[in-house]
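J.: Protein sequences, first through last, are from chains V and L.
Numbering of the first sequence is given in this note's numbering, commencing with residue 1 and proceeding in unit increments.
Numbering of the second sequence is given in this note's numbering, commencing with residue 1001 and proceeding in unit increments.
Just so you know, these hints were derived from the structure itself, not from any lab.
All residues carry an ideal CB built from backbone N, CA and C; glycine is no exception.
Keep in mind that the hints are not guaranteed to be accurate.
Which bits of chain L does chain V cover? Going by a derived footprint, with three or more residues having C-beta under 8 Å, they are [unchecked claim]: (1) 1077-1090; (2) 1139-1149.
Here are some chain V residues pointing at chain L (derived, C-beta under 7 Å) [to be verified]: (3) S89; (4) R90; (5) A92; (6) L93; (7) L97; (8) F136; (9) T138; (10) P140; (11) E172; (12) L194.
Ranges between beta-carbon positions, derived for each pair [said to hold, decoys possible]: (13) G33/V x A1105/L: 22 to 30 Å; (14) G1129/L x H157/V: 27 to 35 Å; (15) G1129/L x G159/V: 29 to 37 Å; (16) V1114/L x L14/V: 33 to 41 Å; (17) A1072/L x E109/V: 18 to 26 Å; (18) G33/V x E1053/L: 28 to 36 Å; (19) D22/V x R1103/L: 35 to 43 Å; (20) K8/V x A1105/L: 22 to 30 Å; (21) T1070/L x E172/V: 27 to 35 Å; (22) G154/V x G1098/L: 44 to 52 Å; (23) T1073/L x G185/V: 17 to 25 Å; (24) G1129/L x R171/V: 29 to 37 Å.
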Amino acid sequence: MDGPLELKQVGERLVLKGRAFDFVELTLRDEEGKEHRRQVVKHPGSVVILPILEGVAEETKQKKAEPLTPALSPEGRGRGARIVMIRNSRYALGCKLDELPAGTCEAGEAPEKTAAREVREETGYEAATLEYLGRFHTTPGMTDELMHAYVARGLTHVGQDLDEGEHVSVREWTAEDALAAVDVGRITDAKTILVLLWARSRGIL
Amino acid sequence: MNAATRKRGFGGVAVLALRDVEDATYVVLIRKDKRARGADLFELPSGGMLKGETPHTAAARELREETGYTAATMEALTRFHTEPGVLEEPMHAYVACGLEAGRQALEEGERLSVHEWTVEDALAAVDDGRITDAKTMLVLLLARSRGLI
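Model the full assembly from the supplied sequences, consistent with the hints where possible.
T.: See below:
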């Protein structure tokens, strides 16, 4: 996947130390010795989580004698599967977006720990299992941010724990509705679109 | 387009350019020196819109500059926010067909090569992690979901 870089990095200078990210300027040298500068954001990495509510287990616990609801396939997939999303105030955009829970890794924090923490803080659900879906570069032209995607299952409601000044409302969607919203362009958050389509492509939704 | 005339803050474009050769359909990918990430990677042709440009004209320009291709048709696929916590402008995705080859026009200090993968291989690469660029993965999966590839 990775090939050689054509320009050689010969310098790196901190331009701005941000609260969450550092802004640095790289000096690159080409084959003829000419120098080029690029300004980029250094990122500690991040996570996005697809929380799947397993209605099957709960329903069968409560009403053991009754068959599974017809809408829900035995694997908890398909038309009846429900997912947890958040509605996030995005001040850069001046609007609210429907997104999957996500967040930035704290210094030295393993992505799986970040995922467990963020899903609990943002949605109020604690996950019994986190399954690794994959990783991707969010915006490689401007940052080295690598985002790791997880599927969270076995959810128990424990209550949200938001940062001060954070306003996040939690909504349950059927997988069908969320995928339809992706298809018509109503969900516009890239990580959310990508993870929903990826999960469907892998047979998870 | 040089750095001085390329302004930030007008949003971005990405182009899924499809080329039919006999029975196979190929996706045009570029391999770009992405210094921010510390290595290069395969992605769709893309870039920032310039002042006064529509997403459609920006998509046609980026396709031509980065791959040399001009397209007979360029249809809007969707738009999405790549970094909604930080960036205000969305990225517009287009599907380009009827490609005619021409010359690349790269920026100074820009290094990229053009690659053509079959649709099947590109989709497999999304699944197996050979393609890790978010916009490229998103657009390929959405195009498949819409039955375009």
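J.: Okay, which hints does this one fail, numbers in order?
T.: Hints 3, 11, 17, 21 not satisfied by this model.
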